[in-house]
Structure formats: structure tokens, C-alpha cells
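Protein sequence lines correspond, in order, to chains U and X.
In this text, residue positions in the first sequence follow our numbering: the first is 186, and each later residue adds one.
In this text, residue positions in the second sequence follow our numbering: the first is 186, and each later residue adds one.
I should point out that these hints are in silico values taken from the structure, not numbers from a laboratory.
Check the hints yourself; a few may be wrong.
Claimed, not checked - On the chain U side, residues computed to face chain X include the following (Cβ under 8 Å):
1) ALA261
2) HIS290
3) ILE319
4) ALA332
5) SER336
6) GLY409
7) LEU416
8) LEU418
9) MET419
10) ALA432
11) THR463
12) ARG464
13) VAL468
14) ARG479
A quick note: this is a predicted structure, and the numbers were derived from the prediction, not measured.
We put the CB at the ideal spot given by N, CA and C, even for glycine.
2 protein chains.
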Amino acid sequence: MIRVPFAEVLARLQQVLSRLGFEEPRAQLAARLFAETSRDGVYSHGLHRFPRFVEQVRRKVVDPAARPERTASFGAVERWDGHSGPGNLNAYACMERAIALSRAHGLGCVALANTNHWMRGGSYGWQAVEAGAIGICWTNTMANLPAWGGSDPRVGNNPLVIAVPHAAGPVVLDMAMSQFSFGALESYRLRGETLPVDGGFDREGKLTRDPAAIEASGRALPIGYWKGSGLSLMLDMMGALLSGGQATHQIPVDIITESRLTQVFLAFDLATIDRAGTREAVVAGILGSLRGLRYPSARITQLRAENLEKGIPVQPQVWEKILEM
Amino acid sequence: MIRVPFAEVLARLQQVLSRLGFEEPRAQLAARLFAETSRDGVYSHGLHRFPRFVEQVRRKVVDPAARPERTASFGAVERWDGHSGPGNLNAYACMERAIALSRAHGLGCVALANTNHWMRGGSYGWQAVEAGAIGICWTNTMANLPAWGGSDPRVGNNPLVIAVPHAAGPVVLDMAMSQFSFGALESYRLRGETLPVDGGFDREGKLTRDPAAIEASGRALPIGYWKGSGLSLMLDMMGALLSGGQATHQIPVDIITESRLTQVFLAFDLATIDRAGTREAVVAGILGSLRGLRYPSARITQLRAENLEKGIPVQPQVWEKILEM
Numbered sequence: 186m187i188r189v190p191f192a193e194v195l196a197r198l199q200q201v202l203s204r205l206g207f208e209e210p211r212a213q214l215a216a217r218l219f220a221e222t223s224r225d226g227v228y229s230h231g232l233h234r235f236p237r238f239v240e241q242v243r244r245k246v247v248d249p250a251a252r253p254e255r256t257a258s259f260g261a262v263e264r265w266d267g268h269s270g271p272g273n274l275n276a277y278a279c280m281e282r283a284i285a286l287s288r289a290h291g292l293g294c295v296a297l298a299n300t301n302h303w304m305r306g307g308s309y310g311w312q313a314v315e316a317g318a319i320g321i322c323w324t325n326t327m328a329n330l331p332a333w334g335g336s337d338p339r340v341g342n343n344p345l346v347i348a349v350p351h352a353a354g355p356v357v358l359d360m361a362m363s364q365f366s367f368g369a370l371e372s373y374r375l376r377g378e379t380l381p382v383d384g385g386f387d388r389e390g391k392l393t394r395d396p397a398a399i400e401a402s403g404r405a406l407p408i409g410y411w412k413g414s415g416l417s418l419m420l421d422m423m424g425a426l427l428s429g430g431q432a433t434h435q436i437p438v439d440i441i442t443e444s445r446l447t448q449v450f451l452a453f454d455l456a457t458i459d460r461a462g463t464r465e466a467v468v469a470g471i472l473g474s475l476r477g478l479r480y481p482s483a484r485i486t487q488l489r490a491e492n493l494e495k496g497i498p499v500q501p502q503v504w505e506k507i508l509e510m
Numbered sequence: 186m187i188r189v190p191f192a193e194v195l196a197r198l199q200q201v202l203s204r205l206g207f208e209e210p211r212a213q214l215a216a217r218l219f220a221e222t223s224r225d226g227v228y229s230h231g232l233h234r235f236p237r238f239v240e241q242v243r244r245k246v247v248d249p250a251a252r253p254e255r256t257a258s259f260g261a262v263e264r265w266d267g268h269s270g271p272g273n274l275n276a277y278a279c280m281e282r283a284i285a286l287s288r289a290h291g292l293g294c295v296a297l298a299n300t301n302h303w304m305r306g307g308s309y310g311w312q313a314v315e316a317g318a319i320g321i322c323w324t325n326t327m328a329n330l331p332a333w334g335g336s337d338p339r340v341g342n343n344p345l346v347i348a349v350p351h352a353a354g355p356v357v358l359d360m361a362m363s364q365f366s367f368g369a370l371e372s373y374r375l376r377g378e379t380l381p382v383d384g385g386f387d388r389e390g391k392l393t394r395d396p397a398a399i400e401a402s403g404r405a406l407p408i409g410y411w412k413g414s415g416l417s418l419m420l421d422m423m424g425a426l427l428s429g430g431q432a433t434h435q436i437p438v439d440i441i442t443e444s445r446l447t448q449v450f451l452a453f454d455l456a457t458i459d460r461a462g463t464r465e466a467v468v469a470g471i472l473g474s475l476r477g478l479r480y481p482s483a484r485i486t487q488l489r490a491e492n493l494e495k496g497i498p499v500q501p502q503v504w505e506k507i508l509e510m
């Protein structure tokens, strides 16, 4: 990996997006979301995902001009239609709206239909905690994970994000329902490593730690076997019911044409709910009880500072590609 | 196991609870929640848990006369104090309140502090779907699960329930964050079986399918390793922040004195949100896409009918104990 200064990354992505038809403030926000994803160490969903995103715009899967629109309102819950706009901009707008609803109702929920891949789900968790809110959001995906008991993909890996504000460093969980993403399997294979725990089945249906065997079989493992399979199903069901949008089984199975996804955004306004102001002590107490064990996003502050100082890591061929766009 | 007619179980439990100081309608409801738990096949949390519950009342961990009380209200979110009342009655009252809030706001949330073990979490999911709502609830517990990377219990197994209404049979997920409960480990051991997948570490820190080895080490496995450990932490954090109640690290580690738990209840009013009335078709479509694979609560209707017809299964020594109370 080479390192490129954050400001240079930002400027370049923004330029590419502008040329693709993104209006200025939207090009700026989308560029920032991509750049910050790599800055925070989620390389698979930052710069490395950018060329695929551009391809989706060129193939008209993603409409750069489309803006999300509210289609129904029920007090603290709203339905929005993403009109196939950019997934990250739609998601950002919907979390923003959920936060606004939470200021009025204590909590708010926006259910979004017809959107596209949101890239890094954790972005919207960080967005919530930076506004002082607890954020919860999830997305469905194309079928990319065999349900427990089956051998071909029937459920999505449906990433779930839960984010809690904390002055000393927010706690942001961002996890898919598969034990390892296909991106992670590829990384292990390229490094010539086996997985630290079973990650799926080989073609003979045996549990394995061999990443290549799982890539070949397509049989990744849901977290907790039947449990993650069930949780994935419930997230898809709630998304489709709340938004009126598509469920996993209706989404095209192709990484470029995967579209019309369904997402849910929830925010709890902690400043209102925690009037006594004990929230910092509550989180500090819980994290302290782990006595040094790792927790979600624990090491991000340090990594973020390092990447801002030394430059954003990116594979040279990916950066080359972005420079040629 | 012997089988006892449902009506007889109900009458007997109610009688015991009345003598313990439960007012009549509360004795009736608590008895029904226990009896229905065994009726639905969750034997570990129904009649088999009743003697421990009675012991908690006798030891004054559970106050049969205490009623939950609203302590703060923020639109769609409320804080309640369980005043150490019976966990199942407190949970039932709070899900009822979340459903009422959802009728007014689209969704509702009740965060409950100072409550006791809710027995079977799925009960409150069923309660929500029977009212036409999507129900989500979770509880924290005493530390009973090593966080990922550690070897002594630091997090709770914090069961999470998600329930979606469906006329042909609601879909109710009720899962703890441990791969197997200690009750499940005991059952496998007593049957002389090994676990179907790794369930924890033995004393040497090796992953194992031997239930006795995990009982001996106390090192059960979180679902999805680091992922379930992280999810458990987030559930505890959200519960403590929203309710102002205790976090896992503050709860006594003892199955009798485990108390002052924290729970969260969420309900979405589907009748309001799904005005077009597509919800039955949406759920049927998703379940149909699984083409026969098992999903949460799929087999409960049949089991429930069988247990109502033939009698509620209970270990003879447990029923004997209940008859002597």
C-alpha cells in the first residue's frame, strides 16, 4: 500500500464525482465519506470500493442526481424512497433525519426503500454519535450467505451498526452477519493465512478455516451458525416491513447491479433521555469493566491520527485507477 | 418427563403465587407466562425455572407486590423503574406500554431499570406480535460470558428478542449472545452428547464440543466470537444509558441474587406503518424464499398444539416440588 495525503484524496474523489454529475455539496460529502472510511482503517469499503461505485454510476445503477424523498410519516417513524440515488448520500440524509426526529420524539426511525450500497455502515453510526445520539442502522443485501441448514445463498449478510457516544472515544459496532466477508476471505488468502476460526464450509460440506475453500464453495458461515442466520432474516424482514421496500430475495445477485436495497436508521437523543448527565460515567464504567480487552472501535482514534499524519493507505493500482478517472 | 394438563399447571402455579403474596390478577398472569413457556417447548425457562423463581421471592430478591413505575417520559421513549418486582410481570407491563406508545408515535420504547430475570424473553415478542406490532426487546444479565480475548466472565449473555407478526405463524427470534446456554450445555451432557459445533473453551483454552469441559472452565463462546462479544457489550451499554439502570458489571454474580437488571422494549405499530396492507405478503415472500429451511419459531404452532393436547412436559421431580409448595 502507498500513502496519499488526506486532502489530496478528498480533492481527487470530489473531482471525479463532480465530473460524474454530482452537484458540488453532494460530491464533497460523498468524497468525504469514502476518504474517512479509509482514514478509519476500513480499507475494503473506502478508496478500494470507489472504482466499483463509479462503475455503478456509469452503468446507471446509481443515479447521482437522485435525492431521497419522504413518502410517509407516522410520528417518530418515517418512510423514505431513495430513488436509486448514491447509497452513502441517501444513508447520510436518512440518519440525519432520524437524529432530527429523535430530538422531537426521544427517538426517531427512518425506513428507506430503493437505495444502493451504503459502503461503510459505520459512517452513519459515527454520524449519530457525533450528534450526541445513540445510532442503530442496518441494511439488507443481495443473497450472499446460505441460511443455516442450506448450501446456496438465501439470506444477506445484512450489516448491523450500533453506535454509542463517548467523549473519550465513541463505541461503534459495525458487523455483518457473516463470520468473514468475502473481502476478508480474499485478504487472508492473498496473505497465505488460514482463518483464526472456522469461516464456512468447503465443497464437501465440512467446516473449514481455509479461505480459498470457502470462496470456492460460496458457503460462508453466519455468526453463531443458526443464530446469525435467524438474525439476518429478522433484519431483512423488519426492513421490508417498515420501508415497504425490497427484501433480500428480490435483489439482483450481482455486485454491480445489486440495487434497490432497504435500510433502517434509528436514533436515540441521549441529551434529552439522560438529563442527569451520567452517560459518560456509565460508558466509562462498562468499558473499564473489560479491563483492557478489546471492544468495537477501541483502536480507531490512534489509527485515524496515524493515517491523517502519514497519509491514507491505498493499493497503488487502485490509486492509479482513481487518478486516471 | 411426565405430562400435566395445561389447565392443571396453570391452576397450581397460580395457587402457589397467590400464597406467596401475588395479588390475584398478577398471580394469574405470572402463572400463564410460566405455563405458556413450557407449552411452547422452552422447558428450561418455564416450569423448570419456577422453583428458582419461588426461591427468589422467598429470599426477597423478587418483591411480589412491587409494580413498575414510570420515572421519566420523552415523547416516544419512557424510563420505568421495576422496583425489584417479578421480572416477567415487569417485562409484560413494559412491552404493553411500548405497544401503547407505538400506537401514538409509530414506535415506542420503554427502558426499564431495577427489574428481575424476565424468564423467557420470547414471551414479550409474542405479546407484541399478538398486538400486531413488531417487537424488539433485550435484557442484560450478570457477567456469565468471557468477552472475546478474555478467560473470565465479563459480559452478559444478554438475550435479544425480535418478533414479526404473521397470520400463518409469527416469526419470533429469541437468542442469547452465548452459542449455548449453561442449561443447554447441561442437557447435552446429561444425554451423553457432544455439541453440534464448538461451544466454548476447555481449561487449556482449546475450542471444544465437549459440554462438560465448558461447564468446568466456565468459558462459553459468544456467537460469532468477537462479534457476539461486541453485540453483547452494545446491548448492555444501550440498556444502561436509556434506562439509567445497572450495567452487567454492577449485577451480583449468583443465579439467586442476580437482580436489578436492565431491559429495553421497542414496538413498531405495523397497522399504522403498513397502511397499504402488504405485510402478510412481505413476510410470506421472505419465508417462502427459504424454501423449507428452518427459521425462528417455525415449528412452534405444531409443538404448542401437541403440548396442549397431550399435556405440558415437565420433569417429574420438578412437578413434585411444585405440588409440595
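Legend entry - Hint status (Cβ of MET419 of chain U to nearest Cβ of chain X, threshold 8 Å): holds (4 Å)
Q) Is the shortest C-beta separation between VAL468 of chain U and chain X less than 8 Å? A) holds (6 Å)
Handout entry: Restraint check, 8 Å cut-off on beta carbons, for ALA332 of chain U near chain X
Key = Because about 5 Å separates ALA332 of chain U from the closest Cβ in chain X, which is inside the 8 Å limit, the hint holds.
Query raised in the report: Should the interface hint for ALA261 of chain U be scored as holding, given a Cβ-Cβ cut-off of 8 Å against chain X?
Result: Where the cut-off is 8 Å and the nearest Cβ of chain X is about 4 Å from ALA261 of chain U, the hint holds.
Exercise. Given THR463 of chain U as an interface hint, is the shortest Cβ-Cβ distance to chain X below 8 Å?
Worked result: Holds: closest Cβ of chain X sits about 7 Å from THR463 of chain U, inside 8 Å.
*When the nearest CB of chain X is found for LEU418 of chain U, is that gap smaller than 8 Å?*
Hint on LEU418 of chain U: holds, closest Cβ of chain X at ~6 Å, below 8 Å.
- prompt: Holds or violated: is the Cβ of ILE319 of chain U closer than 8 Å to a Cβ in chain X?
  reply: This hint holds: ILE319 of chain U lies near chain X, its Cβ roughly 6 Å from the closest one there, short of 8 Å.
Holds or violated: GLY409 of chain U as interface residue toward chain X, Cβ cutoff 8 Å? holds (3 Å)
**Asked** Taking 8 Å as the limit, does the beta-carbon of LEU416 of chain U come near enough to a beta-carbon in chain X?
**Response** holds (6 Å)
Should the hint that ARG464 of chain U touches chain X count as held when the rule is a Cβ pair under 8 Å? holds (6 Å)
> Was the hint right that HIS290 of chain U lines chain X, CB cutoff 8 Å?
Replying inline: This hint holds: HIS290 of chain U lies near chain X, its Cβ roughly 4 Å from the closest one there, short of 8 Å.
Restraint outcome when ALA432 of chain U is required to lie within 8 Å of chain X by C-beta distance = holds (5 Å)
The structure is inconsistent with hint 5 alone, although it conforms to all the rest.
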